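K.L.:
The primary structure of each chain is shown beneath.
There are 2 protein chains.
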Amino acid sequence: MLSIYTLDGFCLPREMRVIGIRGIPLVQPADNLAELIVNAAGKRRLAFQKGDILVVAQKIVSKAEGRIIKSDDVIVSERAREIAEKNGFNPVHVELALREASSVIREERVLITETKGGQVCNFSGVDRSNTEAGSFILLPENPDLSAQRIRNQIRSILEIDLGVVVSDTQGRPWRRGSVAVAIGVAGLDAFKHNRGKRDLFDRTLKGSTVCQADEIACAAEPVMGQGAEGVPAAIVRGYRYSQGEGGAKLIVRPIDEDLFR
Amino acid sequence: MLSIYTLDGFCLPREMRVIGIRGIPLVQPADNLAELIVNAAGKRRLAFQKGDILVVAQKIVSKAEGRIIKSDDVIVSERAREIAEKNGFNPVHVELALREASSVIREERVLITETKGGQVCNFSGVDRSNTEAGSFILLPENPDLSAQRIRNQIRSILEIDLGVVVSDTQGRPWRRGSVAVAIGVAGLDAFKHNRGKRDLFDRTLKGSTVCQADEIACAAEPVMGQGAEGVPAAIVRGYRYSQGEGGAKLIVRPIDEDLFR
Numbered sequence: 000m001l002s003i004y005t006l007d008g009f010c011l012p013r014e015m016r017v018i019g020i021r022g023i024p025l026v027q028p029a030d031n032l033a034e035l036i037v038n039a040a041g042k043r044r045l046a047f048q049k050g051d052i053l054v055v056a057q058k059i060v061s062k063a064e065g066r067i068i069k070s071d072d073v074i075v076s077e078r079a080r081e082i083a084e085k086n087g088f089n090p091v092h093v094e095l096a097l098r099e100a101s102s103v104i105r106e107e108r109v110l111i112t113e114t115k116g117g118q119v120c121n122f123s124g125v126d127r128s129n130t131e132a133g134s135f136i137l138l139p140e141n142p143d144l145s146a147q148r149i150r151n152q153i154r155s156i157l158e159i160d161l162g163v164v165v166s167d168t169q170g171r172p173w174r175r176g177s178v179a180v181a182i183g184v185a186g187l188d189a190f191k192h193n194r195g196k197r198d199l200f201d202r203t204l205k206g207s208t209v210c211q212a213d214e215i216a217c218a219a220e221p222v223m224g225q226g227a228e229g230v231p232a233a234i235v236r237g238y239r240y241s242q243g244e245g246g247a248k249l250i251v252r253p254i255d256e257d258l259f260r
Numbered sequence: 000m001l002s003i004y005t006l007d008g009f010c011l012p013r014e015m016r017v018i019g020i021r022g023i024p025l026v027q028p029a030d031n032l033a034e035l036i037v038n039a040a041g042k043r044r045l046a047f048q049k050g051d052i053l054v055v056a057q058k059i060v061s062k063a064e065g066r067i068i069k070s071d072d073v074i075v076s077e078r079a080r081e082i083a084e085k086n087g088f089n090p091v092h093v094e095l096a097l098r099e100a101s102s103v104i105r106e107e108r109v110l111i112t113e114t115k116g117g118q119v120c121n122f123s124g125v126d127r128s129n130t131e132a133g134s135f136i137l138l139p140e141n142p143d144l145s146a147q148r149i150r151n152q153i154r155s156i157l158e159i160d161l162g163v164v165v166s167d168t169q170g171r172p173w174r175r176g177s178v179a180v181a182i183g184v185a186g187l188d189a190f191k192h193n194r195g196k197r198d199l200f201d202r203t204l205k206g207s208t209v210c211q212a213d214e215i216a217c218a219a220e221p222v223m224g225q226g227a228e229g230v231p232a233a234i235v236r237g238y239r240y241s242q243g244e245g246g247a248k249l250i251v252r253p254i255d256e257d258l259f260r
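Taken in order, these protein sequences are the chains called A and B. The opening position of the first sequence corresponds to residue 0 in numbering that gives the first Met the number 0, with each subsequent residue numbered one higher. The opening position of the second sequence corresponds to residue 0 in numbering that gives the first Met the number 0, with each subsequent residue numbered one higher.
These aren't lab readings, by the way, just hints derived from the structure by calculation. For clarity, every value in this text was computed on a predicted model and none was experimentally measured. Do not take every clue at face value.
For chains that are exact copies, the list does not tell them apart, and a pair is met inside one copy or across any two.
[What the hints assert, rightly or not] Straight-line distance between alpha carbons at most 20 Å, and here's what the computed SDA-like set of lysine to any residue pairs gives:
#1 Lys248 <-> Arg175
#2 Lys85 <-> Ala132
#3 Lys115 <-> Arg175
#4 Lys248 <-> Gly170
#5 Lys49 <-> Glu14
#6 Lys49 <-> Gly243
#7 Lys42 <-> Glu14
#8 Lys42 <-> Arg13
#9 Lys248 <-> Asn141
#10 Lys85 <-> Glu256
#11 Lys85 <-> Asp30
#12 Lys69 <-> Arg105
Chain A extracted, bound-state conformation (with noise of 0.2 Å):
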């Protein structure tokens, strides 16, 4: 990837590619991921590369962690059918986003919940879509570790570092429309800091910090897409991201820094 380097030493890449990783199979519980990615990678001769970020749709990795639940196993309690009640949703989906929830946020029209595993968002992030009929899929139950293991079971296969972003499509409290999100991360920082970088005319930047795990998983949605596609996994590569720790987690605000509850 040909790059060019600034006077302040920061690189940026001339080029970033995105590229889907077609003909994964459906995944089952206990399921190998990486294996499954790479034996699908390998069949049409797309080999992974040092500096590569690997993006991983959410739902599979839930279901290769297991996390279906059949609608006919779930006895609904009284909090979820008012909800469910009141704003005309599927009683099971509204006991999911409970049990999944450490904190209801709103309840009216939408049901935002922050999860045990940290993440806000609506329903717990408990889907119904791309699973067997009557059955719901959860998220993982974290996802920072999930990242990290598929990022072990690349390296044990392919002794190659990858980085690693499991993404989800969550909506905006105050933009339409969906986008992705990071809601794993493993072998980068979930953020880029241009703190003390200096702008064109050598002022120092202060607190930009862009949340570059967030752009990833919005960079390789187009390859993903959302319904029968069935592109479950993509390739970020070319970009020049912040090594780090910390995983997605640091990502959600906590109450008292966020902006709005």
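Assemble the complex: chain A is given as a structure, and chain B must be docked to it using the hints.
P.N.:
Positioned in the frame of chain A, the structure of chain B alone reads:
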């Protein structure tokens, strides 16, 4: 660009490319942006193609439109002084943010406003970085119109219709770190609508609307950067985006739809 067609006729790109356009000179008021961009691309033998989306940083759009104010020319109101004092903000910065705002949403620790142009953002998007000392740069008055103007300029130079996105970086209320967003859109729908599409298990996806304009802005940010890199435009190639009208003004939720105000 290789692509696949799935059973429902939806087409996903196999690969998307994001290419930074280097060598654009410092922009002056009344510059023809399309000309500067096309010339810079041409010098690097980078040809625009049908289906390309041109992402342009808000900053150079504002500069070309003369949206720069010298601090010395600004008389600070009482209200601006109050807000500045209690938060430790620059009073001129606050004054300009108030002038650009149709309403102030929050003025503690941050200064979140709704701008007359329809954005909800910190300090009405008024910014000091990458401008000469002692001056501030304002958002374009009508960023959708700016995008349309660039699209028209490109058409008259190259006889090609590009999608155009004017991008800016914004903070988020419940996620840390800023990400790029689309504040102006022309030649494409701000959204892609998955309504009516089918998921892997043949159920119709309902209400799934992705803000493709914001995702495009995010995808371009890694090759554009924030600081001294000075790459204020990029091409996103291979995204099979939804056609449509309406502009970025449809993205910001009206107040009755906003989940937190």
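K.L.:
Could you run down the list of hints and mark each one as holding or not?
P.N.:
Hint by hint, here is what the structure shows:
1. Proximity of Lys248 to Arg175 under the C-alpha cut-off of 20 Å is restricted to the inter-copy arrangement: shortest distance 10 Å between copies versus 24 Å within a copy.
2. In this homomeric assembly, Lys85 and Ala132 never come within 20 Å of each other (Cα to Cα): the closest approach is 25 Å inside a single copy and 56 Å across copies.
3. Taking the closest pair of Cα atoms, Lys115 and Arg175 come within 20 Å of each other only across two copies (18 Å); inside a single copy the shortest separation is 26 Å, beyond that limit.
4. Proximity of Lys248 to Gly170 under the C-alpha cut-off of 20 Å is found in both arrangements, the shortest distances being 18 Å within a copy and 17 Å between copies.
5. Both within a single protomer and between protomers do Lys49 and Glu14 lie at most 20 Å apart by alpha-carbon distance, with minima of 16 Å and 19 Å respectively.
6. Within a single copy, Lys49 and Gly243 get their C-alpha atoms as close as 16 Å, which meets the 20 Å cut-off; across copies the closest is 39 Å, which misses it.
7. For the identical chains of this complex, Lys42 and Glu14 are inter-copy neighbours only, at 16 Å across copies versus 25 Å inside a copy, given an alpha-carbon limit of 20 Å.
8. Only between protomers do Lys42 and Arg13 lie at most 20 Å apart by alpha-carbon distance; the minimum there is 14 Å, versus 28 Å within a single protomer.
9. For the homomeric pair Lys248 and Asn141, the shortest alpha-carbon distance inside one copy (9 Å) is at most 20 Å, but the shortest distance between copies (36 Å) is not.
10. Taking CA atoms no more than 20 Å apart as the test, Lys85 paired with Glu256 passes between copies only; the shortest distance there is 18 Å, against 31 Å inside one copy.
11. Taking the closest pair of Cα atoms, Lys85 and Asp30 never come within 20 Å of each other, the shortest separation being 39 Å inside a single copy and 56 Å across copies.
12. Taking CA atoms no more than 20 Å apart as the test, Lys69 paired with Arg105 passes in neither setting, with 26 Å inside one copy and 44 Å between copies.
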